[in-house]
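Peer 1: Once you have looked at the hints, place chain X on chain V.
As they're listed, the protein sequences go chains V and X. Residues 1 to 110, numbered by the working numbering, are exactly what the first sequence covers, in order. Residues 111 to 241, numbered by the working numbering, are exactly what the second sequence covers, in order.
Derived by calculation from the structure, the hints in this document are not laboratory data. Computed from a predicted model, the values in this text were never measured in an experiment. Even for Gly, the Cβ is constructed at its ideal location relative to N, Cα and C. Accuracy of the hints is not assured; some may be wrong.
Unchecked claim - Derived coverage of chain V by chain X (criterion: at least 3 residues anywhere in the stretch with Cβ under 8 Å from a Cβ of chain X; other residues may be distant):
1. 25-37
2. 43-50
3. 78-85
What the hints assert, rightly or not - Facing chain X, a subset of chain V residues (Cβ under 10 Å, in silico):
4. Leu53
5. Gly54
6. Phe57
7. Arg72
8. Gly91
Said to hold, decoys possible - Label-pair distances were calculated between CB atoms; the ranges are:
9. V:Gly95 - X:Lys113: 34 to 42 Å
10. X:Leu193 - V:Gly84: 27 to 35 Å
11. X:Arg218 - V:Ala88: 35 to 43 Å
12. X:Ala186 - V:Gly95: 20 to 28 Å
13. X:Leu135 - V:Arg83: 30 to 38 Å
14. V:Glu6 - X:Glu159: 32 to 40 Å
15. X:Leu193 - V:Asn5: 25 to 33 Å
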Amino acid sequence: MARSNEPIVWSLFAAGGMVAALFLPVTVVLIGFAVPLGWLDAERLWEVVHHPLGRIFLFVLIALSLFHAGHRLRFTLVDMGLRGASHALAGLFYGAATLGSLLAAWLLLT
Amino acid sequence: MAKDWIRPMPRAWWLTRRTWRVFMLRELTSAFVAAYAAFLLLLLLRAREAGDPASTVWTGFVECLSSPWSLAFHGAVLAMALLHTATWFVAAPKALRLFRGEEPVPERIVVGAHFAAWFGASLLVAWLVLG
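In isolation and in its complexed conformation, chain X is listed as follows:
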């Protein structure tokens, strides 16, 4: 394939329009998704290090979850995770074209089904963990 010429773009092109800023914010949710995966790895490392639920390594780690730093981190991750969830489901009909007979299933039905599944899955996990 020949090397295509690429029009030079200003470094901050994505800041110049609202739709591009929203697009970039949506893409940046992935940095928070990755950060939380890394945090979960840290939690598992602490559990491995502790070896026992009564170990101060574990109880100390769990106590740290109530610190202002942890609350701020979890608040930021939650906001970006919810933005990821909402934008992912809204985009879902673009990837998933469903037909009932000849008629396409309306996009809002596909989006609504995703939100319903999310609600159900969240309740199930919360119930299994807390219940």
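The shape of chain V in the complex, shown without the other chains:
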């Protein structure tokens, strides 16, 4: 049987789907609406972003969201007719997700 990276990318897709489902709405509300409403000021947002828990939260949310979205967008475009480009799309989306995750790790760890 041919070796496949399918279990790895599917696990990342599923984990990312769950993390985004649980935590993306509250994150969008806090940054996009609690800040304009004045419930969250610039200094508090700074503290949250630099707190160890906040850093772990953001890294997991960013990295897994990227792998989730990359996998889903790849197969959405394949379903839309780009069947021949499936491998190129895999390289593009998983590559972008990997780079985004590395950037997040660098920004949050150093």
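Peer 2: Quick look at chain X alone, frame taken from chain V:
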């Protein structure tokens, strides 16, 4: 594996039926999930650039969150994020078959547990950040 013949499909096949349009809308939530991950990276880049919470780079970025562009962006992302959450939880029992003894746990219990966990997790995060 032999190359299978694939029936040619019209480019816009997914527009022709309501269930397919809903399916495509659900799949397209991922574009918004990715866009928000990119936005969070931008926020972290601005924080890195600012180096200090009193820096105008940071306060300027936070002020931009009140702009109409930001509100429209966050409104669109929130709508698609909620659609992702709802469709993800409704699909969860298909991936997670739970049994209590011989009896399968009813799907609505599994879906309900996911929504309860979402509610709890959202409250916890909001409380930790705002509280």
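Peer 1: May I ask which of the numbered hints given earlier this structure violates, with the numbers listed in increasing order?
Peer 2: 8, 9, 13
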